[in-house]
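Engineer: Kindly produce the complete structure, drawing on both the sequences and the hints.
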Amino acid sequence: MAKSKYGASKEALEQIKDNWDDKTCLIPLTGSMYVPGKIKDIDNVIVDIGTGYYIEEDRASAKDYFKRKVDFVSEQMDKIEILGYEKSQIRDAICEVMAVKIQQLKASMPAEGQS
1 MAKSKYGASK
11 EALEQIKDNW
21 DDKTCLIPLT
31 GSMYVPGKIK
41 DIDNVIVDIG
51 TGYYIEEDRA
61 SAKDYFKRKV
71 DFVSEQMDKI
81 EILGYEKSQI
91 RDAICEVMAV
101 KIQQLKASMP
111 AEGQS
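Take 1 as the starting number for the sequence shown in the UniProt record's numbering and just add one per residue.
Any given hint might turn out to be false.
As the list claims (entries may be wrong) - Cut-off 27 Å, straight-line C-alpha distance, at most; resulting in silico cross-link-like pairs (DSS-like, lysine-lysine):
| hint | residue 1 | residue 2 |
| --- | --- | --- |
| 1 | K5 | K23 |
| 2 | K10 | K63 |
| 3 | K23 | K40 |
| 4 | K67 | K79 |
| 5 | K5 | K67 |
| 6 | K3 | K79 |
| 7 | K23 | K10 |
| 8 | K3 | K67 |
| 9 | K3 | K69 |
| 10 | K79 | K5 |
| 11 | K69 | K17 |
| 12 | K63 | K3 |
| 13 | K5 | K63 |
| 14 | K17 | K38 |
| 15 | K10 | K38 |
| 16 | K10 | K40 |
| 17 | K79 | K10 |
| 18 | K40 | K5 |
| 19 | K17 | K67 |
| 20 | K17 | K63 |
| 21 | K63 | K23 |
| 22 | K63 | K79 |
| 23 | K3 | K17 |
| 24 | K101 | K87 |
| 25 | K10 | K69 |
| 26 | K79 | K69 |
| 27 | K5 | K69 |
| 28 | K17 | K5 |
| 29 | K67 | K10 |
| 30 | K40 | K63 |
Quick caveat, the hints were computed from the structure, so don't treat them as lab data.
Remember, it's a predicted structure, so these values are computed and weren't measured experimentally.
Structural biologist: Here is the structure:
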């Protein structure tokens, strides 16, 4: 989800044209509510950097920021995937050992009952 949001933001930046000064647009207030506005400065954008903080950057820097964020999130997802695989391997090994021990316990029970 985060990866797709950063990717979508980068794509939106790439769609800005140099001749969009004073162009009318819709500004999102919520997911379903927009207000009309005008683009005054196409060279600078406001970027949400998290937890309610925003910074003003030029378009090239903002594109680079979103590319770095996509790369970072992808890298973290890869690490988590590897860790999840390792954990499932450990779980499978533990289950196998438990199954063997249960079989040994079941096999020794009738022998103890006959003595």
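Engineer: Now, for every hint given, state plainly whether the structure supports it.
Structural biologist: Now the hints, each set against the structure:
1. With a C-alpha separation of about 25 Å, the suggested pairing of K5 with K23 holds against the 27 Å cut-off.
2. A threshold of 27 Å between alpha carbons decides the hint, and for K10 with K63 the separation of about 6 Å falls inside it, so the pair holds.
3. For the hint linking K23 to K40, the alpha-carbon distance of about 8 Å falls within 27 Å, and the restraint holds.
4. Annotation: proposed proximity of K67 to K79 holds, straight-line Cα distance about 18 Å (limit 27 Å).
5. Distance check on the hinted pair: K5 and K67 sit about 11 Å apart at the alpha-carbon level, within 27 Å; holds.
6. Between K3 and K79, the direct Cα distance comes to roughly 15 Å. Compliance with the 27 Å bound is thereby established for this hinted pair.
7. A distance of roughly 20 Å separates the Cα atoms of K23 and K10; the hinted pair therefore holds under the 27 Å criterion.
8. Restraint check: the Cα-Cα separation between K3 and K67 comes to about 10 Å, which is no more than 27 Å; the hinted pair holds.
9. With a C-alpha separation of about 8 Å, the suggested pair K3 and K69 falls inside the 27 Å cut-off, and the hint holds.
10. Straight-line distance between C-alpha atoms of K79 and K5 comes to about 20 Å, which keeps the hinted pair within the 27 Å bound.
11. Restraint check for K69 and K17: the C-alpha separation of about 23 Å stays at or below 27 Å, so the hint holds.
12. Between K63 and K3 the CA atoms are separated by roughly 14 Å; this keeps the pair inside 27 Å, and the hint holds.
13. Straight-line distance between C-alpha atoms of K5 and K63 comes to about 13 Å, which keeps the hinted pair within the 27 Å bound.
14. Proximity of K17 to K38 is assessed by CA-CA distance (about 14 Å); at most 27 Å being required, the pair is judged to hold.
15. As the CA atoms of K10 and K38 are separated by approximately 21 Å, the hinted pair is consistent with the 27 Å bound.
16. Simply put, K10 and K40 have alpha-carbon atoms about 20 Å apart, close enough for the 27 Å limit, and the pair holds.
17. For the hint pairing K79 with K10, the CA-to-CA distance comes to about 24 Å; that is within 27 Å, so the pair holds.
18. Between the alpha carbons of K40 and K5 the distance comes to roughly 25 Å, so the proposed pair stays at or under 27 Å and holds.
19. Distance check on the hinted pair: K17 and K67 sit about 19 Å apart at the alpha-carbon level, within 27 Å; holds.
20. Distance check on the hinted pair: K17 and K63 sit about 14 Å apart at the alpha-carbon level, within 27 Å; holds.
21. For the suggested pair K63 and K23, the alpha carbons sit about 21 Å apart, so the restraint of at most 27 Å is met.
22. Note on K63 and K79: the hinted pairing holds, with a Cα-Cα distance of about 24 Å set against a maximum of 27 Å.
23. The suggested pairing of K3 with K17 holds, with an alpha-carbon distance near 24 Å, which does not exceed 27 Å.
24. This hinted pair checks out: K101 and K87 have alpha carbons roughly 21 Å apart, not beyond 27 Å.
25. With a C-alpha separation of about 10 Å, the suggested pair K10 and K69 falls inside the 27 Å cut-off, and the hint holds.
26. For the suggested pair K79 and K69, the alpha carbons sit about 15 Å apart, so the restraint of at most 27 Å is met.
27. Of the supplied pair hints, the one linking K5 and K69 holds, its CA atoms being roughly 10 Å apart against a limit of 27 Å.
28. Distance hint between K17 and K5 is fulfilled; the C-alpha atoms sit about 21 Å from each other, no more than 27 Å.
29. Distance restraint check for K67 and K10: the Cα-Cα separation of roughly 7 Å lies within the 27 Å cut-off, and the hinted pair is therefore satisfied.
30. Restraint check: the Cα-Cα separation between K40 and K63 comes to about 19 Å, which is no more than 27 Å; the hinted pair holds.
When the structure is compared with the earlier hints, no violation turns up for any of them.
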